[in-house]
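There are 2 protein chains.
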Amino acid sequence: MYLAKIYVSHKKSILDPQGEAIKSALHRLNYNDVNSITQGKYFITKLDSQSKSDADQTVRSICKDLLVNQNMETYQYELKEV
Amino acid sequence: MYLAKIYVSHKKSILDPQGEAIKSALHRLNYNDVNSITQGKYFITKLDSQSKSDADQTVRSICKDLLVNQNMETYQYELKEV
Numbered sequence: 002m003y004l005a006k007i008y009v010s011h012k013k014s015i016l017d018p019q020g021e022a023i024k025s026a027l028h029r030l031n032y033n034d035v036n037s038i039t040q041g042k043y044f045i046t047k048l049d050s051q052s053k054s055d056a057d058q059t060v061r062s063i064c065k066d067l068l069v070n071q072n073m074e075t076y077q078y079e080l081k082e083v
Numbered sequence: 002m003y004l005a006k007i008y009v010s011h012k013k014s015i016l017d018p019q020g021e022a023i024k025s026a027l028h029r030l031n032y033n034d035v036n037s038i039t040q041g042k043y044f045i046t047k048l049d050s051q052s053k054s055d056a057d058q059t060v061r062s063i064c065k066d067l068l069v070n071q072n073m074e075t076y077q078y079e080l081k082e083v
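Chains as they are written, first to last, in the working numbering: chain C, 2 to 83; chain Z, 2 to 83.
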């Protein structure tokens with residue numbers, strides 16, 4: 002079995018209204034040392050793949066096909082055998 | 002300046018309907034090697050803190066006060082100077 006952790010965040014060029022909203026809420030709570038904050042998605046998935054390369058391929062495909070909006074988001078991932 | 006990456010996920014005891022929905026969608030797309038998947042939140046924040054311990058304290062406090070639902074979620078974070 003393989004375990005993948007997938008981190009999905011907004012592309013730099015894309016406005017992140019949610020991040021801006023969180024930042025102003027934090028400033029209202031007097032966390033003025035918060036310079037910037039962005040919110041993304043974080044997936045943890047277990048894969049019954051036959052090999053690490055199969056698991057790697059599955060991770061890339063499920064990101065492309067479902068988990069990541071390619072127009073607005075980028076992603077990084079970690080993959081290990083468990 | 003300090004950079005923190007915060008990973009928020011459901012507590013194990015909490016049902017994750019979103020993860021279940023994603024898993025069945027992936028199975029309908031024939032990704033049958035996906036054994037399980039959970040979705041959480043991923044924050045990247047830059048902090049103008051005076052010291053690493055101040056930054057660490059800010060991260061813990063903003064998680065407790067705003068970013069994490071303590072009843073249903075747990076979090077981990079990484080903190081480094083940039």
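Check each hint, because a few of them may be wrong.
If chains are identical, the list can't say which one is meant, so a pair holds when it fits in one copy or spans any two.
What the hints assert, rightly or not - Straight line, CA to CA, 30 Å or less: simulated BS3-like cross-link-like pairs of lysine-lysine: (1) Lys47 <-> Lys24; (2) Lys53 <-> Lys65; (3) Lys81 <-> Lys12; (4) Lys65 <-> Lys6; (5) Lys53 <-> Lys6; (6) Lys42 <-> Lys12; (7) Lys24 <-> Lys81.
Hints listed in this document are in silico derivations from the structure and should not be mistaken for laboratory results.
Hint by hint, here is what the structure shows:
1. For the identical chains of this complex, lysine 47 and lysine 24 are inter-copy neighbours only, at 11 Å across copies versus 33 Å inside a copy, given an alpha-carbon limit of 30 Å.
2. In this assembly of identical chains, lysine 53 and lysine 65 lie within 30 Å of each other by CA distance solely inside one copy; the values are 18 Å within and 37 Å between copies.
3. In the homo-oligomer, the alpha carbons of lysine 81 and lysine 12 lie at most 30 Å apart both inside one protomer (26 Å) and across protomers (22 Å), since each shortest distance falls under that limit.
4. Within a single copy, lysine 65 and lysine 6 get their C-alpha atoms as close as 15 Å, and across copies as close as 23 Å, so both meet the 30 Å cut-off.
5. Taking the shortest Cα distances, lysine 53 and lysine 6 sit within 30 Å of each other both inside one copy (14 Å) and across copies (26 Å).
6. Taking the closest pair of Cα atoms, lysine 42 and lysine 12 come within 30 Å of each other both inside a single copy (13 Å) and across two copies (16 Å).
7. Only between protomers do lysine 24 and lysine 81 lie at most 30 Å apart by alpha-carbon distance; the minimum there is 20 Å, versus 34 Å within a single protomer.
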